[in-house]
Every structure is written in structure tokens, then in C-alpha cells.
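K.L.:
Given next are the chains, with one letter for each unit.
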Amino acid sequence: MLKIENLHVRVEGKDILKGINLEINAGEVHAIMGPNGSGKSTLSYILAGREGYEITQGSISFHGKDLLEMSVEERAWAGVFLAFQYPVEVPGVSNIYMLKAALNGIRKHKGEPELDAMDFIASVKSKMKDLDMDEKFLYRAVNEGFSGGEKKRNEILQMSVLEPTLCVLDETDSGLDIDALKIVSDGINRLRDPARAFVLVTHYQRLLDYIKPDFVHVLANGKIVKSGGAELALELEDQGYSWLEDKKAS
Amino acid sequence: MSVTHLPNTHYAGLLATATTSKIEAEADWLTSLRERAAAEFNVAGFPSPRDEEWRYTNISAIEKSQFSLSEKTAEVEQALLDEALLDDCYHLVFVDGHYQPKHSSLTGLTGGVTVLPLSEVFTAGKEQQDLFKSLLDSVIEEHAQGFINFNTALFSDGALVCIAENTVVDKPIQLAFISSQDGALKLSNCRNLIYAMASSKATVFETYTGVADSCYLTDVVTEVVVEPNANLTHSRLQAESLKAYHIGGVYTRLENNAIFQQNNYTFGAVLSRAEIHANLSEASDCTLDGLYIGCDHQHMDNHTRVHHNQPHAVSNEFYKGVMDDKARGVFQGRIVVAEDAQKTDATMNNRNLLLSERAEIDTKPQLEIYADDVKCAHGVTVGQLDDTAIFYLRSRGADEQMAENMLTFAFANEMVERISFKPLRFKVLDQLLKRFPQAGMKKEWL
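Those sequence lines, one after another, are chains A and B.
If you use our numbering, the first sequence corresponds to residues 1 to 250, in order.
If you use our numbering, the second sequence corresponds to residues 1001 to 1446, in order.
So that you can see chain A by itself, here it is in the shape it has in the complex (with noise of 0.2 Å):
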């Protein structure tokens, strides 16, 4: 589904990913561990396709297609989702109305037909109920003095109304607390699926705790420094990044 060849991005001159390779399949899902600064967030930046960095080397493709040469939008369309560390807050712009806008874009593109509006709210509605939002997150601004655990809950939102192919999660554990971690979990995990993969990127093992991931990848200063299935995680709970760090630089 998604395959990084030999990436190398530069951000204002600086070189910040220095070739990743990385091979991910429908079905699967992958964690990208690593201390802060590896550049886990750049690469979750570039899958998404926000500006501001340079590629200087190295290829993406998804479903045999190049990312690279997709614009934001396309990605979207074509399957792409990445569930922000910081989502954004967007005044005067409504809940409802942004997941409209967006899932009929993705619609349109598919040559689908719009939805129908009643059919869309209770569908939208019963998934704010597996993820215990109250309703009337739908009338108010996207994310617009949410709390962080809200805003977290409102981009898994989001996902299970796209039901996009590529979830990249950045960050998504973090300022969760352990109920909204669980609800947030419980929700990804009824997204897997065959045919979706999953990107969790992530500095702890907690959220592994609770969606059990098939290769964990460690990124240190800017490349996969080691990869391995889910008893990584727990060996870097234990002995934390530097042993890595440490054997890169000798």
C-alpha cells in the first residue's frame, strides 16, 4: 500500500529525515517510536503533504501511485488521513459541516453521489456515540475551545467518517488521560480492517498497551534505527532510546 524508499527531507536548510526506508501493507499496523526531534512528526507532516519542507531525495508511493507529486487534497481523496498531534482549531467553521464538506469531496472524487443529509447526521451521530462525544460537538466550531482530549476524539471522529485506507496517527496519546485513552483506542480499533493500515506515531508505548501493533520501527536522528514486532515497545519502556541513540553514533 505505502512504500518510503530512501527518504531524505530538509526543513530551513536542516536535514531532518536522512533516509528512511519503509514498507507498509493493507491490514497492517505499524508504530514509529523514537525520542523527540527523531523527525517522527516531518514524516507524518510529508504523508499528509503539508508545505514547507524539502525533499531532497527518496520516493513515496501508495497504492502504486507517487505521493510526492499529489497535492493535499489528492492524498485526501485518495485515502490518506493523518490525525494531527495539535489539530486545528477553525473558528466560525461547524463540526457537521466540515465532515460534509470533506466526506463529499472525497465522494465526488470517487464519482460517488453526496449523501443524503438525515442519513448522514445519524450516522455521524452514532459514532460520536462509541466515541462518547455529546452532540452538540457537532454544531461547534472544529475544535474551536475544545480541550485536548476532545480535540483527540474529534479527529478519530473524523477518520471513522472518511474511513480513509492510510491512518497516520501523530501523537495521539498524548494528553489523553486513562479513560479517554481507552475511548480512543476502543475507536481505533474498530477501524481495523483488511483492507486499512495503520501509522501510529508515538514517543510511549502506553497507547500500544491498548492497540497492539504488528512491527514497531524506531526512528532516531532522522533514520529507523532498529525494527521489530510489538515486544520493541516494551524493550524500549525498559531501557528508553539512548541505548539506540548511542549505537548509531559509535
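Just so you know, the hints here were simulated from the structure itself, not pulled from any lab data.
Certain hints may be false.
[Claimed, not checked] Cross-link-like lysine-lysine pairs, in silico, DSSO-like; alpha carbons within 27 Å at most:
hint	chain 1	residue 1	chain 2	residue 2
1	A	Lys108	B	Lys1434
2	B	Lys1022	B	Lys1102
3	B	Lys1422	A	Lys136
Chain B: place on chain A using the hints.
P.N.:
Just chain B now, kept in the frame of chain A:
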């Protein structure tokens, strides 16, 4: 500070020869008042950019265009009427500056409420004439301003609205000013007088529309008196033809404990100016909201002036502007707090969005504070759309144009959402949606 400026000979000539503008059976006192205004106009003319208050707005196109007075013959197309008239209101309709009884309706008007076209004031009773005399020219503090003198000398019609003490008007009163096909290259001079007597409550709308792409001039002056404990909401929707000129003013006196809410929506005219002035007495409460949306070569000038003359009054002012293409927006807001006006609480905010590199905003907040125990705050911003928010919306599947339109619409819609009367809110919304057709917005989603 007014700067002497030679009057335009065409318009001075109009003042000298105009007879059609006079109101039927006009009293001598009014004729004298007009002569004084004409004499002042002949000295000072229209304002020029050398005048500090007019430095951002050059009205030379009005002088060159030589608009002439319109006759009371105009018919107006049903489509234009439908567009102009608001549901659930009493209507007084003026076409090309002249009252049109057949399109007006005051059926069921609350007792104690006077709504009368000025063209009929001298054929009405003595009571209405006395009221007219006491209100006319009673609020304006700036006689030398050319467009006001021009209006006083020439106004042919307009509305007299008076709400008796302790009276609540059940529906809003709409004064609809429409320019017809026959109004091309004509000028409409109307004067409105709105008087909310003690402890009354009313809502008055002024709307301005015209045949698309027709060029005409509207010069309108509204004087408002809000007596103690009265509550008046006054909204003006300027949706003139995009080739028209519109110079308008609302001059208000708030007496003790009066509440006044003024909303000023600007969408039309190639060049427009709105003066919103309010003089505040003790413990009065004044809200001034505004929205101006400019495209192409439109020029939109909003001038507000709030005078806190006495203690404990509150004023809140919030204007938002969006300028696209080569449009130019002007906001000059002045708050004056007199020495005696202790415990004044005044705020002024002006937020602007520039959508094009060639669009321009001139914003100039002015605070003059002569009292020492006051709360005054002002804020001004001129900015572009938030890149992060655009990225966020695009990452969810909205294309770039749609994301930009959504954010622009959302910026402006904050002012529209404040309109509690639904027919007006939808009318203003229609104007807003016309400006952002790509947004695909639907009312049911708001």
C-alpha cells in the same frame, strides 16, 4: 476639520433650480432650512481628500458623473421587489427616492406608532408636522459636511418613524430604498427620522438595492433619537448595484439608559461611505456592528464616531472587513470620552481579511479620552487566511478553493450569526453567499 473646496457647478446648479425635490405644501421653515444648507454647500461643496475625514475616499467620480434628480414615475420589477423586501416586516418602499404606496404595507401597525413618508408630512396633521420639525436637523453635529447639506437642501422624501412611550412594536419596520431602471444616472435624496420615545422598543431596517449594473447615486441621512430607557435596533443593508454610488449616514442621540444597536452591512456600490455617529448620555448602551465585503474595484468606507458625553455609558463596536481583487476598504473609528464621562466602558474592534495582494485596507482607530476613570480598549488586525487551517481542511478532503472560501465565509459569518431576526439574517447571508459561490454553503448547514 473641513477644508474649503470649490462646489461643483453642476450640483450647485441643481440646488439653485430644483423645484421637483420640494415636498408638497412645504412649510416656510423647511424652505429656510434648505436655503441655509444650500448656501453652506455653495461655499464648501462636497468633501475633498484634503479633508482629514475624507483622506481615504475620493468622491470626484460623483462630481464628474453629474447625477440628476429623479422623477416620481418609476415602476419597479417584481423580482427586484422580492429581493428587497423582508418577510414579517412592515414596509415603506421608496423607488428612486420617492415613496411608492402600492408596494408599501403598514397593515396592522401597532397603535402609538407613526410611520409616514415625508412627502406626505405637510398634508398630514399638525402633530406629525410638529414632530417632523422637532426632529429634522436635531441630531447632526456636523453641518458643514457637503453630503449632509446637499441632502438637507434637496431631500424629497424619506420616512418619519415615531414610537410612542411604553410602546413595543410587534414587527420590524423596513424602509426599503430601491433604484429602478429609470433611476440610472439619477440621484436619490432621502431623509429618515426615527424617534423612539421613552421606554419604547422597536426595530427598524434600512435596505438599499438597485437594478444590477445600473449607475446612480444614493445620498441618505438618517437621524435617530432614543429616549430614556428606550431600546432601538437599527440595521442597514447596503446592497446597491455594483456600479452605484452610496453616501449614507446614521446620526444618533442616546438619552439616559437608552439602548441602541446598530448593524451596518456593506456589499454593494462601486464607492460607498457610511457614517455612523452616536452621542451617548448617562448609562446608555450602544452597540455598533459592521461587515463590509468588497470585490473587483469596490471602495467601501466606514466611519464611526462614538461620543461618550456622560458617565457610565457602554459602547461596543465590532467591524469586520474582507477585501478581494483590487477592492479597498476603509475603517475610521473614533471614540471620544468627554471629561465628565467617568466610568465609561468603550471597546472598538476592527478585523480585516485581505484575499488579494492588490486589495487594500486602511484602518484608523482613534481614541480621544479626556476623563481619567474609564475603560477603553481597541484592537485592529489586517491579515490573510490561516495557512495551517487551510492545510487542515485540505487534508480532510476540501479542495484548496473550497478551504479558502470556507475560512473566508466563516470569518464574515461571525457577524451574520449575530442577527437575531431570521429574514434579515438570510438576506444578509444571501449577499455573503453570492460573494463566495464556490463555497457550496447551504443554509441548512449553518
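K.L.:
Hint by hint, work out which the structure violates, then give me just those numbers in ascending order.
P.N.:
Going through the list in order, the structure violates no hint and respects every one.
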